[in-house]
Amino acid sequence: MRRYTLIILLIIFASAIYAETKTAEKLNIGSQETVSGKTLTILGAAADGSVKVDVDGKKGVVIYGDYAREINGMRLLITNYTYIDETFVHITMEITVEASCGDGVCDTNLSESSESCCTDCGCTTGTCINNICKIAECEEDNDCDDDNKCTTDTCNA
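Going by this note's numbering, the first residue of the sequence shown is number 54, and it counts up by one from there.
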């Protein structure tokens, strides 16, 4: 039984995270790449492998040979780097943008919708309960009693 519970939890967790990854090749100073609505701009580069970038207004530095760096929701990893001079480089970069169901943002660029993530996107009909859109089933006033004296607990209200 524990095994099935673990499998179900893994499926739920895996379905709550969406990511789009793109490998951008031959990037140079001034190059732009857009992934899931976020835009990366290469601002500058140095002989030591450091690359100055801008992701939708937030600046940062990514270093070749280092771990992936996250800047403004975009994870960047330089996989190839050839420095010619301060105005000309060849950069290959793996760009990943993740959306997580429950972060308060309905990211349709990453396939979030009311069916896949009503926590963020809401429900077209019904109410979002545990990330599932459910149509209210109220047959008696007791079905609607939420133990809150400030609410009206009737099926018609």
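Derived from the structure by calculation, the hints contain no laboratory data.
Check the hints yourself; a few may be wrong.
Unchecked claim - Taking lysine-lysine pairs in the DSBU-like style, the calculated list, with each CA pair at most 35 Å apart, reads:
| no. | residue 1 | residue 2 |
| --- | --- | --- |
| 1 | Lys-105 | Lys-91 |
| 2 | Lys-79 | Lys-105 |
| 3 | Lys-112 | Lys-79 |
| 4 | Lys-105 | Lys-75 |
| 5 | Lys-187 | Lys-202 |
| 6 | Lys-187 | Lys-91 |
| 7 | Lys-91 | Lys-79 |
| 8 | Lys-111 | Lys-79 |
| 9 | Lys-112 | Lys-91 |
| 10 | Lys-112 | Lys-75 |
A quick look at each hint next to the structure:
{"no.": "1", "hint": "Lys-105 x Lys-91", "verdict": "holds (16 Å)"}
{"no.": "2", "hint": "Lys-79 x Lys-105", "verdict": "holds (16 Å)"}
{"no.": "3", "hint": "Lys-112 x Lys-79", "verdict": "holds (21 Å)"}
{"no.": "4", "hint": "Lys-105 x Lys-75", "verdict": "holds (19 Å)"}
{"no.": "5", "hint": "Lys-187 x Lys-202", "verdict": "holds (24 Å)"}
{"no.": "6", "hint": "Lys-187 x Lys-91", "verdict": "holds (32 Å)"}
{"no.": "7", "hint": "Lys-91 x Lys-79", "verdict": "holds (19 Å)"}
{"no.": "8", "hint": "Lys-111 x Lys-79", "verdict": "holds (22 Å)"}
{"no.": "9", "hint": "Lys-112 x Lys-91", "verdict": "holds (13 Å)"}
{"no.": "10", "hint": "Lys-112 x Lys-75", "verdict": "holds (20 Å)"}
Checked against the numbered hints given earlier, this structure breaks none of them.
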